[in-house]
Each structure stands twice: as C-alpha cells, then as structure tokens.
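Q: For reference, the chains in residue letters:
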Amino acid sequence: MTPLVTTVLFMAALGSIAAIVLIAAARFFAVPADPRVEAVLAALPGVNCGACGYSGCAAAAAAVVRGESGPGVCLIGKAEVSAAIAKIMQQQETAAKRKIAYLCCSRNTADAKSRFSYNGPADCRAAMILYGGGKTCAGGCIGHGTCETACPVDAITMKNNLPVIDPARCTGCGLCVKICPKNIIALIEDTPAAVDKKRCAEYCMQDNLQFEVDQEKCIKCGICFKNCPVDAIVWEKGRPAFIEKEKCIGCYTCMRLCPPKVIG
Amino acid sequence: MMEAAIVIFSAVFVNNILLARYLGNCPFCGVSKSLSSAWGMGIAVIFVITIATATTWIIHHFILDPLHLSYLQTIVFILVIATLVQLVEFFLQKNAVALYQSLGIYLPLITTNCAVLGVAILAIKNNYGFIMSVFFAAASAFGFLLALLCMAGIRQRLETVILPRPFRGTAITLIIAGIMALAFYGFSGMDATLSSLVHH
Chain A
75 MTPLVTTVLF
85 MAALGSIAAI
95 VLIAAARFFA
105 VPADPRVEAV
115 LAALPGVNCG
125 ACGYSGCAAA
135 AAAVVRGESG
145 PGVCLIGKAE
155 VSAAIAKIMQ
165 QQETAAKRKI
175 AYLCCSRNTA
185 DAKSRFSYNG
195 PADCRAAMIL
205 YGGGKTCAGG
215 CIGHGTCETA
225 CPVDAITMKN
235 NLPVIDPARC
245 TGCGLCVKIC
255 PKNIIALIED
265 TPAAVDKKRC
275 AEYCMQDNLQ
285 FEVDQEKCIK
295 CGICFKNCPV
305 DAIVWEKGRP
315 AFIEKEKCIG
325 CYTCMRLCPP
335 KVIG
Chain B
237 MMEAAIVIFS
247 AVFVNNILLA
257 RYLGNCPFCG
267 VSKSLSSAWG
277 MGIAVIFVIT
287 IATATTWIIH
297 HFILDPLHLS
307 YLQTIVFILV
317 IATLVQLVEF
327 FLQKNAVALY
337 QSLGIYLPLI
347 TTNCAVLGVA
357 ILAIKNNYGF
367 IMSVFFAAAS
377 AFGFLLALLC
387 MAGIRQRLET
397 VILPRPFRGT
407 AITLIIAGIM
417 ALAFYGFSGM
427 DATLSSLVHH
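Same order as they appear, the protein sequences are chains A and B. This note's numbering runs 74 ahead of the 1-based position in the first sequence. This note's numbering runs 236 ahead of the 1-based position in the second sequence.
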C-alpha cells in the first residue's frame, strides 16, 4: 500500500471512530433539557445586561425554571416580559421591584476634609490605589466621575465632585455599582422611604452609629480631632477627646486612625 | 525524583509555554482582561493539557509508532484532542455539574489551542515516559496559568492609566508580553545548570 492510501484510510478510520464515540457519548450523557428554559429565554430581552444578578439572560431563564427566581426576574424588561414569563411558567405575575443606583456619600470635596491633593489620572480607580483616595473619611466619594463615564444611559452627572443620579433615567443595571472602587453606590428600591433614609453613615454603618472615646484609655494625641471630616470631635492638648454625637456621621475615620484603638 | 523536579521547574519557568515558547497567544491576549476570567481559563488549561497529553502519549506510543505513522502526528493529535475535550465536556455536563459550570465556556475555547497541541508534541519530542509526560504537561499548564495571571494583574492596573491611543488594547498587551518574556529570559539555562549539578 502506498503511503497515500494508508494515510487516507487511517484518517478516515480515526475520524469515523471519533464521530461514533461522540455520537454515542452525546446520547449516553444527554442531559434532558427543560423546554421551558428555551421559552423563557426567548421572552427575555436578550441583552445580557446582568442587572438581575445572573451572568446573562440564559442563566436568568435557567434560574426561573429552577424556581430560584420569579417571572419578575428581569429588571429592565417591561411588564410584557414578566407577563410572558408568568404565562410560560403558569404562575402569578409578580413584577420586579424597580431598583435604582444610589450614592451613599453626601459630602463633596469642599465638605469633607482631604488628607492630600491628588494629581494623577482623573479616574477613581487610579486615585483609589493611592491610599484609597484623598478624603479622610474611609467611605468618602473620590469624585473623579468614573461612574459617570461607566453609565450607559447618561443618568449620572457630576456636581461639586459628587455624582448625581437621575432616578428617571437610571435603569438599575448596576454598572456604576461594579465600577466604583469605594463600593459606595448601591442598588436600592425606588421608593421615597428608601431614598430618604440611606445617606452616608446611615447606609454605610447600618446600625452601629454610636461612637465613643474611652475617656480613661485615651492617650490625648488628638489624631481623631485632626482627621475628623466634619469636626465632630472636641479636643485640647492634654485632655481626652470627646465625640459630639449630633455631628458624627459615623465614617469610621477616628476609629481607624486611633493609635491605642479606644474609639468604638 | 530530582529529574521530575527539574522537568517541572523547566516547564514552569525556563521554557514557560507562553513567555518562552510563545504558544497560546490567543488566550494570553484575549482572556487576560480580568483576574477572574484568567483564573477560569488557567484552570481549564491545566485540565485540558494534562488529559490531552496523557491521551496523545498513549496514541503515539501504541498506535502511531507501531504502525509507522508518526508523520501523521499533528493532524491525529488535533483530532484526538478535539474529540477528547468534547467527550469530557459531555461527561462533566452529566456527572460533574459543578466542575462543568466552573470551567464553563473556557473548556471548548481552549480545545484546539496551539499550547495544548504544543505540549502534547513536546512531550513526545523530549522522549518522556508516560508519568513524566503528565508531570511535564501539568507543569507547562501551570506555567500558563502563572503567566496569564501576571498579565491579567498588570492589565487590570493598566485600565486606570491613560495611554496614548495607538498603544491601547492589544498593542500594549503585546509590549507587556514582550517585557514579561524578557524577565522570564532570566531563567534561561537554569534547568541545564541544575541537571548538570544533579548528575555530578
């Protein structure tokens, strides 16, 4: 046999074996797919924005069919999307609660104290690398508008170095939440009560807002006084520091900086 | 034992599959934008390269060599690797759902990558035994993961830097790859020195 014939025969045989093995494997290992997954997927918008928390529309459809999520899984889909899914799943329709992005910091660069002035690229992610941004407050907005650039629907505009989010335009896609290096943008429900409540300390701190200096253990260094972003600390040389509760915004700065760690 | 250690060291650092041999550039540029995807890809590569090399070693030594068909090595290996990965994917989908979901899209993506074929052929070319081939394959793939993670780490930081327009994207990636390759060049010859030390 010439090498040509051998080669052709061998490859044909190998290819056939591979094909047979794969066909057999596809049959043997077949995972029965739920036809409803396809149907739900077809009903979803198919933009794979990921706002629902799943990696894409396909993952969301699978979650709906598994029962993990309801017909209102899609945050950007309108009522007809949830109606269509409800019909496929033969369930009562529960519309998704609309969520919008919300900035938890309320102090612009003039309001909050700065530790240093920053001269690098105007991008929060870059500024974050340098000691976590210029503000003394650990949760303070860096204010270079990285979220503004990230917003696909132009719902964010920078005003006095703080992003202002237009609730009417926000689709709740969560891109700003992901890109913010300070993690101070959150998705909240679009109800007046929720919007009023969550500002700075109330949001960041959740429940523990009562900061106090242990008067006996205080070493009277004044570091907390010098760094408090809102001047809520009373201190004189040789005297223990005292926090004025009305002014305290609960930013953790004093607690973080206190050398003997007696603020809590 | 010592020989295996030298083979592993050589495969990870000295002859790093991405930086010294420059195989597998497609995922090196394409999947190095974030650490999490680089990690997923790296694990999939370790998985695929190891099983592919083990299988192709058997094919080569028990089918191709006895039949004097070694000249068909490249095409046969591609066919075998593609079939194997597809088969493993079927298997995982049914029997190891967690693994299937974590390897996800990366498994089919890496199937016909030249890094996979390259390691399979190199294992044959270097006349390794079966066990040594598997070690070599896993170590090469680990070297891939290492280089990919380094690249992803660098590129994540580059995201925040303002670059001149012509350098953005693939251009700067290739420049970084070159600089990283130069850094890894510092390892060259170390495996030979080590093995001569061991043999004396």
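A hint or two may mislead.
Straight-line distance between alpha carbons at most 35 Å, and here's what the computed DSBU-like set of lysine-lysine pairs gives [to be verified]:
| # | chain 1 | residue 1 | chain 2 | residue 2 |
| --- | --- | --- | --- | --- |
| 1 | A | Lys319 | A | Lys252 |
| 2 | A | Lys173 | A | Lys311 |
| 3 | A | Lys173 | B | Lys269 |
| 4 | B | Lys361 | B | Lys269 |
| 5 | A | Lys187 | A | Lys291 |
| 6 | A | Lys161 | B | Lys269 |
| 7 | A | Lys321 | A | Lys187 |
| 8 | A | Lys233 | B | Lys330 |
| 9 | A | Lys161 | A | Lys173 |
| 10 | A | Lys300 | A | Lys311 |
| 11 | A | Lys187 | A | Lys233 |
| 12 | A | Lys311 | A | Lys321 |
| 13 | B | Lys269 | A | Lys252 |
| 14 | B | Lys330 | A | Lys252 |
| 15 | A | Lys161 | A | Lys233 |
Quick caveat, the hints were computed from the structure, so don't treat them as lab data.
Q: Next, verify each hint and record whether it holds.
A: Hints, verified against the model:
The hinted pair formed by Lys319(A) and Lys252(A) meets the criterion: a straight-line CA distance of about 33 Å does not exceed 35 Å. Only pairs whose Cα atoms come within 35 Å are accepted, and Lys173(A) paired with Lys311(A) is rejected, the gap being roughly 49 Å. In summary, the hint linking Lys173(A) to Lys269(B) is supported, as the alpha carbons are separated by about 29 Å, within the 35 Å threshold. Among the hinted pairs, Lys361(B) with Lys269(B) is consistent with the structure: their alpha-carbon atoms are about 34 Å apart, no more than 35 Å.
For the suggested pair Lys187(A) and Lys291(A), the alpha carbons sit about 26 Å apart, so the restraint of at most 35 Å is met. Between the alpha carbons of Lys161(A) and Lys269(B) the distance comes to roughly 40 Å, so the proposed pair goes past 35 Å and is violated. At roughly 14 Å between alpha-carbon atoms, Lys321(A) and Lys187(A) fall within 35 Å of each other, so this suggested pair holds. At most 35 Å may separate the alpha-carbon atoms for a hinted pair to count; Lys233(A) and Lys330(B) exceed this at roughly 54 Å.
Proposed proximity of Lys161(A) and Lys173(A) is supported: the alpha carbons are some 24 Å apart, at most 35 Å. Between Lys300(A) and Lys311(A) the alpha-carbon distance is near 12 Å, which keeps this suggested pair within the 35 Å criterion. Between Lys187(A) and Lys233(A) the CA atoms are separated by roughly 18 Å; this keeps the pair inside 35 Å, and the hint holds. Restraint check for Lys311(A) and Lys321(A): the C-alpha separation of about 21 Å stays at or below 35 Å, so the hint holds.
At most 35 Å may separate the alpha-carbon atoms for a hinted pair to count; Lys269(B) and Lys252(A) meet this at roughly 15 Å. For a cut-off of 35 Å, the pair hint linking Lys330(B) to Lys252(A) stands: about 34 Å separates their Cα positions. Pair hint Lys161(A) plus Lys233(A) does not hold up; C-alpha atoms about 45 Å apart against a cutoff of 35 Å.
Consistency with the previously given hints fails for numbers 2, 6, 8 and 15, ordered from lowest to highest.
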